[in-house]
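Each residue of the sequence shown is one higher than the last, beginning at 769 in this note's numbering.
Please keep in mind that the hints were generated in silico from the structure rather than gathered at the bench. Every residue gets a Cβ at the ideal spot worked out from N, C-alpha and C, and that includes glycine. Errors might be hidden in some of the hints.
Ranges of calculated distance between the beta carbons of each label pair, as one might list FRET restraints [to be verified]: (1) P841 / A884: 38 to 44 Å; (2) Q876 / Q832: 23 to 29 Å; (3) S821 / D872: 26 to 32 Å; (4) P828 / D807: 21 to 27 Å; (5) A847 / H827: 15 to 21 Å; (6) D872 / A822: 18 to 24 Å; (7) Q835 / S880: 34 to 40 Å; (8) S880 / S857: 17 to 23 Å; (9) A855 / A884: 29 to 35 Å.
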Amino acid sequence: MKNTITIIGRASAGALLGAAATALIAAPAASAAPNCHPDAVAGTVSSVTGAASAYLSSHPGANQVVQAARTQPRDVAAANIRAYFTANSQEYYELRGILAPIGDTQRQCNVSLLPADLASAYSEFMAG
């Protein structure tokens, strides 16, 4: 759960879209499977970003802890995020489900949609 800090607290929707744009440049367009077409990958990132933003907007407690994490030292932010999502495990699993298509797309299309620091945090968050 500490990765939520890095994934959500440190990354904005713009950062995710920027990372996707970088991945799309490197993604092979002509020989890619249909679901790996750059437009499909961008659509996945856009959809996940929108869903995560909407989810946080409708869950003020999660949104508050994630927003606060942006300005906190990493260890403090990690502890706060972990405490919140441990106490609200249903929200953790819901948000984890929302973020899952990023990893699915990365695996299926053999592309990296997140910068290295976010990729590591994402992997840890998704692992629980």
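Going down the list of hints, with the structure as the test:
no.	hint	verdict
1	P841 / A884: 38 to 44 Å	20 Å, violated
2	Q876 / Q832: 23 to 29 Å	34 Å, violated
3	S821 / D872: 26 to 32 Å	19 Å, violated
4	P828 / D807: 21 to 27 Å	34 Å, violated
5	A847 / H827: 15 to 21 Å	19 Å, holds
6	D872 / A822: 18 to 24 Å	19 Å, holds
7	Q835 / S880: 34 to 40 Å	26 Å, violated
8	S880 / S857: 17 to 23 Å	29 Å, violated
9	A855 / A884: 29 to 35 Å	30 Å, holds
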